[in-house]
Amino acid sequence: MVATLTSAPESTPLLLDAQRLFCERDGRVLFTDLDIQLLPGDLVELRGPNGSGKTTLLRALAGLNPDFEGGLTLSERLLYQGHRVGLNLLLTPLENLNWYQTLQHLPSDRITLEAALAAVGLAGYDDTPCHRLSAGQQRRVLLARLHLHLAPGGALLWLLDEPLTALDTAGAEVLRGLLVARIDSGGAVLCATHQGLGLTQSRLLDLGAVRL
Amino acid sequence: MSTLVGTDDSAPQGHLWRLFSGQLRRDLLAAVRAPGELVNPLMFYLIGIALFPMGVGPGPNTLALIAAGVLWVLALLAILLAMDGMFRRDYDDGTLEQFNLHMQPLFVGVLAKTLAHWLMTGLPLTLIAPLAALWLYLPSHAVGTLMLTLLLGTPVLSLLGGMGAALTVSLRRGGLLLALMILPLYVPVLIMGAGAITVVTDGLDPAAQIKWLAAILALACTLVPFATAAALRIGMEQ
Amino acid sequence: MWTWIKQLWHKLGSPRWFYDIAASWIRWLLPIGILCIVAGFVWGLAFAPPDYQQGNSFRIIYVHVPSAMLAQSIFITMGIAGVILLVWRMKLADMVIKIAAPIGASFTALALASGAIWGVPTWGTWWVWDARTTAMLVLLFLYFGVIALRQAIAREETAGKACAILAIVGMIDIPIIKYSVNWWLTLHQGATFRLTAAPAMPPEMWIPLLITVIGFYAFFVAVLFQGVRGEILRREHRTRWVSELVAQRGALPGAAS
Numbered sequence: 033m034v035a036t037l038t039s040a041p042e043s044t045p046l047l048l049d050a051q052r053l054f055c056e057r058d059g060r061v062l063f064t065d066l067d068i069q070l071l072p073g074d075l076v077e078l079r080g081p082n083g084s085g086k087t088t089l090l091r092a093l094a095g096l097n098p099d100f101e102g103g104l105t106l107s108e109r110l111l112y113q114g115h116r117v118g119l120n121l122l123l124t125p126l127e128n129l130n131w132y133q134t135l136q137h138l139p140s141d142r143i144t145l146e147a148a149l150a151a152v153g154l155a156g157y158d159d160t161p162c163h164r165l166s167a168g169q170q171r172r173v174l175l176a177r178l179h180l181h182l183a184p185g186g187a188l189l190w191l192l193d194e195p196l197t198a199l200d201t202a203g204a205e206v207l208r209g210l211l212v213a214r215i216d217s218g219g220a221v222l223c224a225t226h227q228g229l230g231l232t233q234s235r236l237l238d239l240g241a242v243r244l
Numbered sequence: 004m005s006t007l008v009g010t011d012d013s014a015p016q017g018h019l020w021r022l023f024s025g026q027l028r029r030d031l032l033a034a035v036r037a038p039g040e041l042v043n044p045l046m047f048y049l050i051g052i053a054l055f056p057m058g059v060g061p062g063p064n065t066l067a068l069i070a071a072g073v074l075w076v077l078a079l080l081a082i083l084l085a086m087d088g089m090f091r092r093d094y095d096d097g098t099l100e101q102f103n104l105h106m107q108p109l110f111v112g113v114l115a116k117t118l119a120h121w122l123m124t125g126l127p128l129t130l131i132a133p134l135a136a137l138w139l140y141l142p143s144h145a146v147g148t149l150m151l152t153l154l155l156g157t158p159v160l161s162l163l164g165g166m167g168a169a170l171t172v173s174l175r176r177g178g179l180l181l182a183l184m185i186l187p188l189y190v191p192v193l194i195m196g197a198g199a200i201t202v203v204t205d206g207l208d209p210a211a212q213i214k215w216l217a218a219i220l221a222l223a224c225t226l227v228p229f230a231t232a233a234a235l236r237i238g239m240e241q
Numbered sequence: 503m504w505t506w507i508k509q510l511w512h513k514l515g516s517p518r519w520f521y522d523i524a525a526s527w528i529r530w531l532l533p534i535g536i537l538c539i540v541a542g543f544v545w546g547l548a549f550a551p552p553d554y555q556q557g558n559s560f561r562i563i564y565v566h567v568p569s570a571m572l573a574q575s576i577f578i579t580m581g582i583a584g585v586i587l588l589v590w591r592m593k594l595a596d597m598v599i600k601i602a603a604p605i606g607a608s609f610t611a612l613a614l615a616s617g618a619i620w621g622v623p624t625w626g627t628w629w630v631w632d633a634r635t636t637a638m639l640v641l642l643f644l645y646f647g648v649i650a651l652r653q654a655i656a657r658e659e660t661a662g663k664a665c666a667i668l669a670i671v672g673m674i675d676i677p678i679i680k681y682s683v684n685w686w687l688t689l690h691q692g693a694t695f696r697l698t699a700a701p702a703m704p705p706e707m708w709i710p711l712l713i714t715v716i717g718f719y720a721f722f723v724a725v726l727f728q729g730v731r732g733e734i735l736r737r738e739h740r741t742r743w744v745s746e747l748v749a750q751r752g753a754l755p756g757a758a759s
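Protein chains in written order, with the numbering used here: chain A, 33 to 244; chain Z, 4 to 241; chain L, 503 to 759.
Think of the hints as simulated: they come from the structure by calculation, not from any bench. None of these values were measured; they are calculated from a predicted model. Hints are not guaranteed to be accurate.
Partial chain Z-side listing against chain L, Cβ under 7 Å, derived [claimed, not checked]: (1) A53; (2) L170; (3) D208; (4) A234.
Pairwise CB distance ranges, derived in the manner of DEER restraints [claimed, not checked]: (5) R28/Z with A202/A: 30 to 38 Å; (6) Y681/L with L179/Z: 23 to 31 Å; (7) R60/A with P533/L: 50 to 58 Å; (8) A221/Z with A183/A: 48 to 56 Å; (9) R518/L with A218/Z: 43 to 51 Å; (10) A221/Z with V585/L: 17 to 25 Å; (11) A218/Z with E658/L: 36 to 44 Å; (12) R518/L with D65/A: 19 to 27 Å.
We treat Cβ as the ideally placed atom computed from N, Cα and C, and that holds for glycine.
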């Protein structure tokens, strides 16, 4: 399939510039001639049926899967949130966030982290091991991660794979707020969803739209 | 210019140290929360040792003769069995993705994870080895050498095993494959470790073997983390 | 010279170029290899004088020595190919590792088996834990590890790179293994039998040996190249040049030629 998604005036710094991406997996072409350019303020929803290559594309853009062809330049710091939760369930939300922040050279003091947890409705769960949290609450810890990236020095480019999974309506609302905050403060978001985010700012990129 | 609270963007060394210690602390914390996994390799070691008198016979002379080899072979196997767990949990819960993406440079994190894993397997094993040596009638003057060789040798086993674990991290049943890949690489450590003990029981000086073990450890420390980091990137591609 | 190497390097990146050039190499190497092996065997088995200590049983060196040499060379080849694959991402290197591993394992097994057969008249036993045998056995296990790893990983690119890492680490470990095994042997001297080779082998003995060694190497390279050619066809079967090749021959290529 062929898909292009460009928006544009030159000279603005691109956060993501992927040109003529091609990926083949197990003898099946997932995408070819795919151009994606993301500018500050862009929010793009990645759609497509199961197996259309949404996860593969996000992983390729994040640098987790080098087996694709084409040109790719992206902003130095990015945030990738995959299918798997990315939390050590033996550790508390606070410990998980602390590790994650250290990895990213972001502030990791207790006050910042507690504020982030409170912002996503997890106040009081700081010291509960993650395996005692519900699936939705675990997902909310990830929202706290996004929240922390809104701070100066955080990643401007967010690549999210099905972030709505297991979130309740309130959680989804928090997520929408975070996404809007990111694009309003000079960032860009590429997000794979089935349900749709329900945000007016978002544009669609449908990987299943045209099939060869 | 915005300032970040709590970050330290001064010297690059300090920054590497922060990454290293942060990863080490996290892994140790997680290990302490699941103490069962900590005890299992030790139990395996003791059971494995205890099987030998039952198989070979209780004669002190026979047992003392094979003690050095048995103590070391079982250490090899115990560490090997524990290796699969080094990346498994992180892979399953998805934290390994974040580790791969954001740990820069990756080998620093690998070194921290290996050290944490060794502190939870190799070090306790070194500490209970004298008990096992007692069962096999290892002469008491050789016990110090046994512990010293294990102290120098088990980190090498953890480093090499970590590389194997990284290569097989996305395979559901990596355990047996890991053994097949890694055990041949363990041969020099086994020969030097068990050799040093044999030399001491014969009343000679094991300095040469111990220096060799130290040299292998230095070599492994400097080279293997890079191989493991590359292996982790490859192993995560699936 | 340098530009020539650079050109060759670039060409090696193209499987199609290698497919054609390998065919012309095989045309020479295969006959040379077989000729050398046959000539060396006939000379060594029928005309070389018997050993003054071992009589006729020494003649197995004409199989044993070349296969033992190849066993180690092939692993080193795999290690170097591994470096090339990981650093320069040359697909050909991956194919070399894949094809070379089972060949190397076979020669290692042949070296061990011929050593065991040799052991009966020489040492009076099928198996002796001497330094070379032991190192060879560990080498066989290293080969098994690489082969098993490749079979366990479903994705071809991932399997190739994983095997490359293992081959490199194995290659670095081989001298350490050999050294430590030698050491181990001096420690357990009592249990070993040393094969005291005659101080200087007469030319009637070593010339046929040299010929068989050359023959084995030529044969290996020919088999490796043929295997790599097959692998190229399999991996590139959807490209145009392969389908053109198939159309040209009117049958499966490789069956002809």
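Hint-by-hint comparison with the structure:
Checking A53/Z against chain L by beta carbon gives a least distance of about 26 Å; that is not within 7 Å, so the hint is violated. Contact between L170/Z and chain L, as hinted, is supported at the beta carbon level, the nearest pair being about 5 Å apart and thus within 7 Å. A hinted interface residue such as D208/Z counts as satisfied when its beta carbon comes closer than 7 Å to some beta carbon of chain L; here the least separation is about 13 Å, so the hint is violated. A least Cβ separation of about 5 Å between A234/Z and chain L falls short of the 7 Å threshold, and the interface hint therefore holds.
About 33 Å separates the C-beta atoms of R28/Z and A202/A, a value consistent with the hinted range of 30 to 38 Å. The hinted window of 23 to 31 Å between Y681/L and L179/Z holds, with their beta carbons roughly 29 Å apart. Under the hint 50 to 58 Å, the C-beta atoms of R60/A and P533/L, about 43 Å apart, miss the expected range. Look at A221/Z against A183/A: about 41 Å separates their beta carbons, and that is not inside 48 to 56 Å.
A C-beta distance of roughly 47 Å is found between R518/L and A218/Z, which places it inside the suggested range of 43 to 51 Å. Separated by about 22 Å at the C-beta atoms, A221/Z and V585/L satisfy the suggested range of 17 to 25 Å. A hinted range of 36 to 44 Å holds for the C-beta pair A218/Z and E658/L, which are about 38 Å apart. Separated by about 24 Å at the C-beta atoms, R518/L and D65/A satisfy the suggested range of 19 to 27 Å.
Comparing the model with each earlier hint shows violations of hints 1, 3, 7 and 8; every other hint is respected.
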